[in-house]
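Under our numbering, residue 112 is the last one in the sequence shown; the count climbs by one each step, no gaps.
Simulated from the structure, these hints should not be mistaken for laboratory data. Glycine included, C-beta positions come from ideal geometry on N, C-alpha and C. Some hints could be false.
Stated by the list, open to error - Simulated restraints on C-beta separations:
(1) 84 to 38: 28 to 34 Å
(2) 100 to 38: 28 to 34 Å
(3) 92 to 39: 26 to 32 Å
(4) 85 to 6: 19 to 25 Å
(5) 83 to 41: 20 to 26 Å
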Amino acid sequence: HLERLVLDCVQLCGPDADASYTHEAVCVLTAALRQATRRLKSLRLRGNFIRDAEAFAIAEAIHAAHGSNIELDLSTNSLSAAAVAKIGGLCAVAAGFQKPLCERTVVAP
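From just these sequences and the hints, can you work out the full model?
This is the structure:
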């Protein structure tokens with residue numbers, strides 16, 4: 004059974020960092036988390052341009068379905084310090100470096 008889910012580096016938002024795509028992907032992810040019959044131990048979502056409201060929706064879904072013992076890694080997204088603190092009340096959160104919203108554009112090589 005799945006204990007650890009890793010969706011890193013624009014796997015939720017796509018290569019163009021389209022905010023609407025990220026929101027749709029987060030809606031699908033939160034629905035799946037709420038319906039999961041097995042408990043996850045960790046969820047890593049590094050580098051997906053996730054913003055405060057999306058991160059909080061994910062944390063609420065995790066907390067509702069899996070309790071507060073899951074590790075949620077939201078490093079290198081676009082979260083405010085206030086959102087990280089609020090999410091920390093729902094689950095064990097790692098949220099290292101956060102990109103300012105002005106740096107959300109992905110530049111092709």
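Hints and how they fare:
no.	hint	in the structure
1	84 to 38: 28 to 34 Å	holds, 31 Å
2	100 to 38: 28 to 34 Å	holds, 32 Å
3	92 to 39: 26 to 32 Å	violated, 21 Å
4	85 to 6: 19 to 25 Å	violated, 30 Å
5	83 to 41: 20 to 26 Å	violated, 32 Å
Hints 3, 4, 5 from the list above are not met by this structure, while the remaining hints are.
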